[in-house]
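**Student:** Whenever a hint applies, use it, and build me the whole structure from the sequences.
If you read the protein sequences in the order shown, they are chains A and B. Sequential numbering from 271 applies to the first sequence in the working numbering. Sequential numbering from 183 applies to the second sequence in the working numbering.
For the record, the hints were derived by calculation from the structure and aren't laboratory data.
Cβ-Cβ distance ranges computed for the label pairs, FRET-style:
| hint | chain 1 | residue 1 | chain 2 | residue 2 | range |
| --- | --- | --- | --- | --- | --- |
| 1 | B | S304 | A | K288 | 19 to 29 Å |
| 2 | B | P257 | A | E275 | 24 to 34 Å |
| 3 | A | W274 | B | K327 | 18 to 28 Å |
Computed from a prediction, not measured in an experiment: that's the story for all the values here. For glycine and all other residues, C-beta sits at the position ideal for the given N, C-alpha and C.
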Amino acid sequence: MKPWEGIRLALKQVVTHKLKSFFSLIGIIIGITFLIAVITLVEGMNRYIQEDFGGSIAGVNTFNVMQRSNVIMGLESIRERRRDARNPLLDMRDVEVVQGAVPNALYLAYSSDRRVPEVRHGQLSRRNARVLGGSEEYLALQGWKIDVGRGLTPVDHSRALKVAVIGTDIVERLFPTTSPLGQSIRVGAHRFDVIGVFEPQGGLLGSIRDATIYVPFSTYEQTLATRREPVEEINVKVRRADELDAAIQETDGALRADRGLRPRERSNFHIQTSGGILSAWNTVNRILMTALPGLVSVALVVGGIVIMNIMLLSVMERTREIGVRKAVGARQRDVLLQFLTEAATISTLGAGLGIAAGLGLASLVATLTPVPASVSEWSLGIALALGLVVGIASGIYPAYRASRLDPIVALRYE
Amino acid sequence: MEERQDAIIKTHGLKKDYYMGAETVHALRGVDLTIARNAYVAVMGPSGSGKSTLMNLIGCLDTPTAGEYVLNEQPVQNLEDDELARIRNREIGFVFQTFNLLPRATALHNVELPLIYAGTGSKERQERAAHALELVALADRMDHKPNELSGGQRQRVAIARALVNDPSILLADEPTGNLDSSTSSEIMDVLDGLHAGGQTIIMVTHEYDIAVHASRVITIIDGMIGSADADLKAVLAH
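**Tutor:** See the structure below:
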């Protein structure tokens, strides 16, 4: 008997026993659904981080000096975080130290930001915005582009003018029909003239920028800053990737020296690189990818056992059929292959259903949350292969039992 | 009816023992039997006589404990399971009391079954299966499933399945056992017609009015041939 005959026969079995087939496949379906959904979302995050993240938070060839890390991956202990919270705040003196440490940086900027509960224009308002004060080179360093109007000029900075470049989310809310240019917005007691609008960013982290009101650092300092020395981040961008490590080391050394830290004392500041964020994500990624095979295996083993039982039942129910097939000339091998093919076919079918459900689940998550989804072909291949393997593994014993039936006994089976 | 005299079946000292725990049951105690090509034979005997065992051996569903069996000039007593399957596929067409059709398959597919295991291509298979169904006057029921057919029609599908591989012998085990008398005679007409066309037929029956269709009656008693060439009248008188 040719293999495709077996597959056709198996599909016929599935069609005639739809409900039974579905229940026998539920373990496989759940396992594969989970596998595909997780891989698709993790791959989505990976691609997002590799393609967009680098440019948006901590750009290429860039490092940031901060009071403490703002990326929480749940890996540091609470005590560590509490200790870092006592690090001294950054101030203009630190900016000067960093400037001294990397004199030939491409850009050097410093910034500070604050969430504000509301921003208004006339009767219209938007809740939850972010006012960001950045120094002169901040926009160039971040690579943020202006869509409409203009960016901040040195004069805006030096005179601490109350001007702002705003993100598209703010425009949508406050200026639904008119151009925002030349209009003013109100944050608390302060008014800012809108001089430009950022290009929309979209995406997972871009939405933060889209809700940003960007003002000169000097202006920010005089209006909304709450701390005495409000530098939150010092950003440095070097010209070439191979200069990055040396620049970080220089900065680290200069800051330690300035703060009078002894050689073995821990640094009371944090230097963050895009590589650091990537490695934090990679840790999460690795944990997921380590746990995933275990979880999926459990589902697949359970699914395989269910299939095996259903197949054993099916062999019993079809004892007479097996007898007839043997009487008319089926060899042991033919019967073995028939049932193996059947198990492999329905199980691969289950994997197919699992793939569909997993992709559906992933796209649902991608629609409802900012987490992106990215389908990777290899995961589909693996899922189908797993279905096939589980089918064959769970089909071997029932198929063997079927192939060894004595035709005389099988024909008389009631 | 003229019968060619060369033997299609020849057994010598055929024995079959079954072991039930410590006890040995001698189901067949040495059967010497010759059946000519184109014979129409009825095998009769009380239950427990060993006639089923003999039919299983003749049908190559089982191998003898001792003795020789030559089927269509091939000794088959020592063959392995898979070789026996090949012999069954090529040489023997089975007709069972309970029809034994695949319930979810159409008449055509049921008849195709032996050809699938013979490795016949799908187009030729369908043609030959359709032809076999025509032989039993079921050309218009090819796409029907067994539960859409009457008992007589089901048995005719089974006969078509038995014939489709052009077997040396048609082995019918109580072919009318599950049928009423008018349907029985319908089935016997089909078998008589096949025999007239040259088909060797061996059937097991316990009904005299069925056995009377055969040209030769063999009786089995206690694992031995009671009478190998009984005149049916004498059997009836017995």
